[in-house]
Structure formats: structure tokens, C-alpha cells
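Order-wise, the sequence lines are chains A and B. Heads up, the first sequence is in my numbering, so the first residue is 1 and it goes up one at a time. Heads up, the second sequence is in my numbering, so the first residue is 1 and it goes up one at a time.
Some hints could be false.
[Stated by the list, open to error] When the alpha-carbon atoms are kept at most 25 Å apart in a straight line, the in silico SDA-like pairs for lysine to any residue are as follows:
1) B:LYS274 <-> A:GLN315
2) B:LYS423 <-> A:LEU331
3) B:LYS260 <-> A:ARG128
4) B:LYS423 <-> A:ARG128
[Unchecked claim] To give a feel for the contact side, a few chain B residues facing chain A, derived at Cβ under 7 Å:
5) ALA300
6) PRO419
7) ARG464
8) TYR481
What the hints contain is simulated information worked out from the structure, not anything from laboratory work. The C-beta atom is built at its ideal place from N, Cα and C for all residues, glycine as well.
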Amino acid sequence: MTFMQKPKVSHSKLPRNELGLSIRDYEGSMSTLCAGCGHDSVTAALIQAIWELSIEPHLIVKMSGIGCSSKTPAYFVEGAHGINAVHGRMPSIATGANAANRNLYYIGISGDGDSLSIGLGQFAHALRRNVNMLYLIENNGVYGLTKGQFSASADVGSKAKKGAVNNQPPIDPILLALTLGAGFVGRGFSGDKDQLVPLIKAGILHNGFALLDVLSPCVTFNDHEDSTKSYAHTRRFDRPAVRTDFVPRKTPIQTVCEGGEAIPVELHDGSTIVLRKVSKDYNPVNRDEAYRYVQEHQKGGEIVTGLLYINEDQQEFHALNDTVSGALRDLPYAELCPGSAILEEIQHLYR
Amino acid sequence: MAKVARDPSHGSLVGERMNTRVNDFVIKIANVNGTGSASANGLLMKAIFRMGIPVVGKNFFPSNIQGLPTWYEIRVSRDGYLARSGEVDIMVAMNAQTYARDLAEMSAGGYLLYDSTWPREAQLARSDITLIGIPLAKLVNEAFTNIRARILMKNICYVGALAALLALELGVLEALLKETFSDKPKLIADNLRAIELGYRYASQHFDCPLPFRLERMNATADCIMADGNTLAALGCVYAGATIGAWYPITPSTSLMDAFKDFCERYRRDPVSGKQHYCIVQAEDELAAIGMVLGAGWNGARAFTPTSGPGLSLMNEFLGFGYYAEIPAVIFDVQRVGPSTGMPTRTQQADLLLAAYASHGDTRHVLLFPANPAECFSMAVTAFDLAERLQTPVIVLSDLDIGMNDWMVQKLNWDDRQTPDRGKVYTSDELRDMQLFHRYTDRDGDGIAYRTLPGTYPTGAYFTRGSGHSARATYTEDATEYQEVLDRLRRKHDYAKKLVPEPTVRRKDGLTTGVISIGSCDAAVLEALDRLACEGIELNYLRVRSFPFSSEVDQFLEQHRQIFVVEQNRDAQLKSLLLLETSADRDQLTSILHYGGMPIDSSFIVRGIRVALAKGEAA
Ligand SMILES: Cc1ncc(C[n+]2csc(CCOP(=O)(O)OP(=O)(O)O)c2C)c(N)n1
Ligand code: SF4
Ligand SMILES: [Mg+2]
Chain A
1 MTFMQKPKVS
11 HSKLPRNELG
21 LSIRDYEGSM
31 STLCAGCGHD
41 SVTAALIQAI
51 WELSIEPHLI
61 VKMSGIGCSS
71 KTPAYFVEGA
81 HGINAVHGRM
91 PSIATGANAA
101 NRNLYYIGIS
111 GDGDSLSIGL
121 GQFAHALRRN
131 VNMLYLIENN
141 GVYGLTKGQF
151 SASADVGSKA
161 KKGAVNNQPP
171 IDPILLALTL
181 GAGFVGRGFS
191 GDKDQLVPLI
201 KAGILHNGFA
211 LLDVLSPCVT
221 FNDHEDSTKS
231 YAHTRRFDRP
241 AVRTDFVPRK
251 TPIQTVCEGG
261 EAIPVELHDG
271 STIVLRKVSK
281 DYNPVNRDEA
291 YRYVQEHQKG
301 GEIVTGLLYI
311 NEDQQEFHAL
321 NDTVSGALRD
331 LPYAELCPGS
341 AILEEIQHLY
351 R
Chain B
1 MAKVARDPSH
11 GSLVGERMNT
21 RVNDFVIKIA
31 NVNGTGSASA
41 NGLLMKAIFR
51 MGIPVVGKNF
61 FPSNIQGLPT
71 WYEIRVSRDG
81 YLARSGEVDI
91 MVAMNAQTYA
101 RDLAEMSAGG
111 YLLYDSTWPR
121 EAQLARSDIT
131 LIGIPLAKLV
141 NEAFTNIRAR
151 ILMKNICYVG
161 ALAALLALEL
171 GVLEALLKET
181 FSDKPKLIAD
191 NLRAIELGYR
201 YASQHFDCPL
211 PFRLERMNAT
221 ADCIMADGNT
231 LAALGCVYAG
241 ATIGAWYPIT
251 PSTSLMDAFK
261 DFCERYRRDP
271 VSGKQHYCIV
281 QAEDELAAIG
291 MVLGAGWNGA
301 RAFTPTSGPG
311 LSLMNEFLGF
321 GYYAEIPAVI
331 FDVQRVGPST
341 GMPTRTQQAD
351 LLLAAYASHG
361 DTRHVLLFPA
371 NPAECFSMAV
381 TAFDLAERLQ
391 TPVIVLSDLD
401 IGMNDWMVQK
411 LNWDDRQTPD
421 RGKVYTSDEL
431 RDMQLFHRYT
441 DRDGDGIAYR
451 TLPGTYPTGA
461 YFTRGSGHSA
471 RATYTEDATE
481 YQEVLDRLRR
491 KHDYAKKLVP
501 EPTVRRKDGL
511 TTGVISIGSC
521 DAAVLEALDR
531 LACEGIELNY
541 LRVRSFPFSS
551 EVDQFLEQHR
561 QIFVVEQNRD
571 AQLKSLLLLE
581 TSADRDQLTS
591 ILHYGGMPID
601 SSFIVRGIRV
611 ALAKGEAA
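Only chain A is shown next, with the shape it has when bound in the complex (with noise of 0.2 Å):
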């Protein structure tokens, strides 16, 4: 038996979301990753945020290529749909898919393998088409499930397990998604829940396409010293620049903004994300600036992380395309079908 099936208790004092359902509605099947994989933290993230967006478990449509990180899936929301594609070609899926239905909540993994060495052009595509959805990497410098070969994102110098080091720069998905044009920006780590969790509410709510690049280290291949993907390194050198904290449709926004300097971002739901600056001279809502920041503290080894970018004002993919507000799968044949009195006409032209 390869597969498990969570025991199904009912924990009749757990809390409630709005639609009543407790946490544990929103888990799925037992995880097979290693005991300590960061990707298991991301899952318990996605299952805490999603729950408390009291998000309809079938709304959601879970998607990602291959990859330890591309397991994930099938570990939270069980009553998703979900689709496991093929190896760095999730976001032609996620593209097709939300073209069928634009109404559903779209979220979709991937691996920094799966999305920035093979998959490299497909998720920069779907960037640029600014497909509604979250596109989280679980972000650990290698590939797992091939045992450990540096990805695309590993860094310069950095050491694998057994010792070769890695003389190829990274792609930084974060630069990269912020001069593809990308209209949410932001970076997690997975040990960091308390972060993590309202950025990828935010991320599921924003009318576009919002990459998190989530740094997620796998305990088996590169969690050891030299690596600048393991627990240790990434604790020591994250620097949080923005602090988001999630507000809710119909709360008030003031009590939250009160003290320091914060920038609230309406969603497109009517929640609000409220940016606070961690660090004086980091601006959000600038694409520029934000790239500059980004790129210097990286230079020095600091790895920035928060809601880097945001800007809700871009035109998702079907408001680019003009298309019609409804799930075009759900369009009625009657109205799609021209019928054989047009089917006449037209073939005048062919005479």
C-alpha cells in the first residue's frame, strides 16, 4: 500500500472558519515526504491560510508539475480537485484551466527544478499572461526527488551534499518575476509560518498572478553546512523588509494601521493587506525600487523576504483577452453553436 488515508476523527471543539468547517477539513492525504522537509511546513501554511479565507474546499483547483514540492497537492484540501502534470509544464495547465473557468481559486506548486530550470519558460509565460493564481516554489536549491543535484536557484559557492560546489549564478525567481512584470512579488520562508500565512492569503486573493517564492529546505540533501538553502543559513540570514498583515472583507482597517508606517493594499475581494516597513527604505509599490533593494541585500547574502511587490491595478489574463465574465466551460452549446442558417451564409463566401 503506497498511498495513506488520514484517519478521519471529528474534533468537535476544534474552531470554525465562516463556513463551520474546522482545519481539518481542509487537510489531505498523509504526506511521504522526509520527517522535517520544509515543504511540509508550506503545506500546513497553505491548510491554515486557506481555511481562514473560508475558501469552499471545492473552489479550489491545486495544481503542480513534478517534484517532491509537486507532491504537495495531494496533502492539503482534499476536497480540491487537483492535478499533478508533467515536470515543469504545470503553468501551461494552470493557463488552459483557468481559460475554462476563470471563477475557481487557483493554486498551483511547483519546485525551484520544476519552475526555474525546466520549467523556466513556461512560468515565465505564465507571468506575462498574468494567469489568476497563487505560483508558490518551494524553493530548496535542489532537486529532490532526483537526490539532491543543485537546481537553477542554487547559489554561487554553495556546497552539495557531497561536496561539489556550485559555480553557476541562481536565477532568482524574484527578480525575475519582478522584471517579467509581475504584479505580486513575495518571498517566504518555511520556517516562518507567521509570515507565510498571510502572504499566501494574499497571494490566493490577488487578482493576477502572485509568485511566492517560499524557501523551503529539504532536510536530506541540502540542509547540511556550506549550503545556503539549509534552516541554519536561511534563519540567519533572512531579512524581513515588509511585514503583511491580512485584514479581512469588512474589518477595519484603521486599528491595524495605527503605528509605524503601513501601506494598505485593497484586494480585489475587498480584504486588505497591510504592508508595514520593516526596513525605512523599501517601498512596495514600486517596482523599481523594490528591484534595487532585492538585488543589493542579496548581493551581501541577506535573503529579503516579505510581500516585496504589489500592485493590484494589473489586468489579469481574461481581462486581457476580453473575455466574458461567466466559466466559458459552463457557456450554454445554444451559444456556441452558430447553426446551419449561418453555416449557409458563410459558405456564399466559398462559391
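Model the placement of chain B with the ligands on the given structure of chain A, informed by the hints.
What follows is chain B with the ligands alone, placed relative to chain A:
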């Protein structure tokens, strides 16, 4: 200038020349690409069609934008034969670079029209054909000042000359021009002027019409003239496809262009004006097929048009679609391979790739249209099959069908027709259900029920390309894995009952036959008629789909010797028959055409004649 047709010194075949050939000849026009000849040639063909005479036009163009040789071949056939005959009776030689080969290609007794503005008779010497010199450049340069107009009108001018030489009705030409340029009166005037110039010169200097001539018929009234890509696109519209993803590649590009045009006209929301469709120009074919699968998985009808190189790129995803059981429609408008090959030439060499595209035990459902009308009907069928069978369906057309204008029967549509969306549980059904298992064979036909994202909480399942059980759970267990894999095979076998049946032309008692596929059809039909006139009678089956239905096995059993006619080097259809039917290796003889030009009937006649003669000698 002498009126050539009266002057025996211009050719030795006076007797043959006098033998008039009404509505039965081939005109070939040699042009330089990028000079606007396409519209002139199209005009000529359409005018013949409008005179009620069966006609077909084939465009032989280079993979280039400007400056290389290009040809357009028009076959006029009162008997309705629509393939190439292998003959050229009238050559319009507009490209001095190709004079030698154009001349060499002509049939004895033919006529060659050339631009006599510059003396080139020496280059065109061949005793058994007649030269018709018309100073086209001179005529148009005197009449038009604009440089571009001079280039374009030279083409229209030869159409005018041909009108006189072939007795093409001027009124038909005029009506066509007025329709085409209804919003550009200046263009109509220019075109009519150029027609007139050519017409007058030809009438004054030659005995018109030539023995090759046109006479009004009534054989095209319920026909249309269209290319396969346009009609495939129309089929997608009528099938209710809402999502198209693609990456440009000759010869499939015009399919998506046409889909877009139709959608702009017929797929806008009447109130908001918003699109009832979504077309994505993907970054490559991997992404295009991924989008189609994503959309199909999520319940929309989606398709992608491509050609060989694109199909090669799609392989991994096609296997995923097969194993995860996701509907998708792929149009492979085949061109010449291997590799980039000859992108603007035709072939049928993707058959084996398509049948088993992707690693592992993968097999696909294929449809083989033989003409543009079948591109329409098979597009509709493809979506029904893809959703009924929950699998990718590949429609294998080719450049000849996809890009050339064919004369086909007018399309019909029954407004009561509704699409077959296959086995999809609704939210109501799910509500009343104890447990939903994605991959169980409830009905015994190998087809499981699926659910769409967002329908109902208990309908959720996880779709994966990794090993899965009938309950859609991950597995590495041999029994669980095989259960699904065996059902997939049963499903593919069951598809034999659903796919379009072959067309069969059969007389009892004959034990020799032909099996062919796709665009070979027209040439085969003509070849069989010609052979029958020689006393060689053969039965004929054209496969229209894969997996092969039982009719194919029957035909194989009924015939001792079968010629398999196809357009590739490696006898791919023959190979597929050997692999997938009871066919015997000795029973099948290949007739293979793979130079990139559409197969012609003479080639098949010769091939069968020679093979039969050899067989008799043995
Ligand atoms: C086409 C293809 N090539 C190679 C593989 C093998 N493969 C599986 S997962 C993987 C790398 C995954 O790395 P990453 O996306 O970083 O995920 P992680 O396991 O690190 O979470 C590779 C190379 C594959 N599945 N498909
Ligand atoms: S190999 Fe690494 S990435 Fe994969 S499950 Fe184990 S710890 Fe996680
Ligand atoms: Mg990785």
C-alpha cells in the same frame, strides 16, 4: 505576330492540337513568390468553378517570403477528378529562372504562355509545344504608373489573356472582382483594365479559343471551394470549442487564423460584446498542448493545431493526457519531415508518431480526413470522441488538404445536433452518491466517469500521470497499476465502435484491392477508374480512423493482394496495419509517394501496373 495556332511551323503536333479538350486539362502557373500572384491564380480558378466546371487548385510554394519560385496548378476536370493528374497542358511561365524545368514538365501538345516583352524564345524551344508570347510587362507598364500596381496587374493581365485563350467568361471574372473588392472601386477598375489588356492582346494575336477550352457546365452548384484548415476551424466553432492554444507553424497556422476570424464574427456576447472564446498564442507547442489539457480537464472543449515538429514536442504531454484520461483535440497538418524537412510540402509521415505518441504503452485515437469537407465533420467528431473517450484525439490532415482550395460538397448542419460531452457526473448525481471513484469501469466499456473541478465537494479527486489505482490514489502496486492500464486498453479497443468507419468501394469476387488514407483518396479514385478502363479492376478501402474498425479486418480477409497507397517513405500505414490487424506481410504491397508534391493518379496507375506485371512474371 503570327497567329500560332494556325502556324504548323510552331509545333509538330498539329493533329493533336486540333483535337479539342473541353473542360479537361491542367494549367500550371510558374511565379516568383511575393509578387501577388496568389490572388490572380485564385481568381482564375474561382472563375472556372463559377462556370460550373469541376476544378481544383494546388499551390506549390517555397519556405520563403519573397523571391523564390512558386507554382500554382489548376486542374480542370469535367469528370470531377480532383487529384493531380501528373500532366501539364498549359504552362504560364512567369519566372525566367524556372523556364527550363517548366518547359520540361509539359505534356506534348501543350501551350506555354510567357511574357514576350523580352525576347526569350530561344530559352523556350521545344518542338512539341506551342509558344504563346504576350508582352505582359509592356502592356501593364504602358497602362499603369505605380510600381506595385505594375507588378500585381501583370498577373491579372495573364488571367485576361487566358480568358481569351480558354474561353473563360469575362462576365464571371468581372463579377468575382466586384465581389472581392466591393469596398475598393479603384482596385476593381485597375483589375478590369488589366484583364481587358490581356484579353484584347490574346484575341487579336492568336486564334482563340485554343483547343483546350472551357465550356459552361452545371456540376458545381452544390459545391464549395475551400481549404481544410478553414473548414477544420469552422468545425471547431460548430463543435462548441471555446479554447484554442497554438504556436505558429506552417502549414497549420491558417487553422487558428480562421478560428479567430469565425469567433470574432460569431462568438461575441450579444450584450457585453465580450468573447465567448479564448485563444492563446503559447510560447511553444509544449505549452499549447498543456493549455489544451488544462482546459479539457476543467471541462471546456479545447484544441491545438500544429504540424510534425510541434507534435514531436507534445509527446510527453500526450502520454499524460492518455494516462490521466483528459480530452484534447490536436490537428496535425502534416508536412514533410524528418526534422524541419520541407515545411511547405505535403506528406503523410506522422502516422506512426501520432498513433503511439509518448513513451510507455500509449496509444491514441486518430482521424484521417481526406478532404476539407471531412476536416469539418471530423473536427466535430474529434471533440465528441475526445470527451466520450476522455483522451487526446489527433486529426491527421496534411498541407495539401489544409492549405489548398478543394472543391467539395456543401456542408450541412442539423440544428438538432448536440455535442456528446461524455460521462461527467453533475453535482446532483454526486450529491446522491455514496462514493465517487474516478477510474472504475462502471459500464464495462472501459470508460470511467469523471468530474469537473468546482462541481461538488465529494467529486474531488487527484489527477496524476504517476501510477494510480482505480480510486485515483497513488500506487506502485502491480495489480492496481495493471487494472487501470488494462482498462485503458479495453477503452481503446472499444473506440473501434465509435470512430468513423472506412469508406469501401467493393465488387464481389475481386481479390485484389487498394487500401489508402487521407489526401491520397482523390488520386486513388481516379487511378482505379483509369485502371478499370484497362481491364484491371480493384476494390478500395480508405481508412478514416485509428484504431482500425472491424471493416478493415474484413477487407483484409477478403483480398489476396492489397496495394497500400500512402505518402511517406517507410510505409507507415502498412506498418500500422501489420501491427494492429490480421494483415499478412506478403499480402500488402506498398505504393509510396514522398517527394513532397501531392500524389497524382498517374503515379498510382503506374505503380499498380508495374507491380501486377511483376507478380504475373513471378
Ligand atoms: C521530463 C522529466 N525529466 C526528468 C524528470 C526527473 N525529475 C523528477 S523531479 C525532478 C527535479 C525536481 O526538483 P524540484 O522541482 O526542485 O523539486 P524538489 O524535489 O526539490 O521539491 C526531476 C529532474 C522528470 N520527472 N521528468
Ligand atoms: S528529498 Fe528533500 S525535498 Fe524531498 S522530501 Fe526529502 S527533504 Fe523534502
Ligand atoms: Mg527543489
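Results for each hint:
Distance hint between LYS274 (chain B) and GLN315 (chain A) is fulfilled; the C-alpha atoms sit about 15 Å from each other, no more than 25 Å. Of the supplied pair hints, the one linking LYS423 (chain B) and LEU331 (chain A) holds, its CA atoms being roughly 18 Å apart against a limit of 25 Å. Simply put, LYS260 (chain B) and ARG128 (chain A) have alpha-carbon atoms about 22 Å apart, close enough for the 25 Å limit, and the pair holds. Restraint check: the Cα-Cα separation between LYS423 (chain B) and ARG128 (chain A) comes to about 35 Å, which exceeds 25 Å; the hinted pair is violated.
For the restraint placing ALA300 (chain B) at the interface with chain A, the shortest Cβ-Cβ distance is roughly 4 Å, inside the 7 Å limit, so the hint holds. Checking PRO419 (chain B) against chain A by beta carbon gives a least distance of about 6 Å; that is within 7 Å, so the hint holds. Restraint check, ARG464 (chain B) versus chain A: the minimum CB separation of about 4 Å is within 7 Å; hint holds. Interface hint at TYR481 (chain B): violated, since its Cβ lies 10 Å from the closest Cβ of chain A, which is beyond the 7 Å cut-off.
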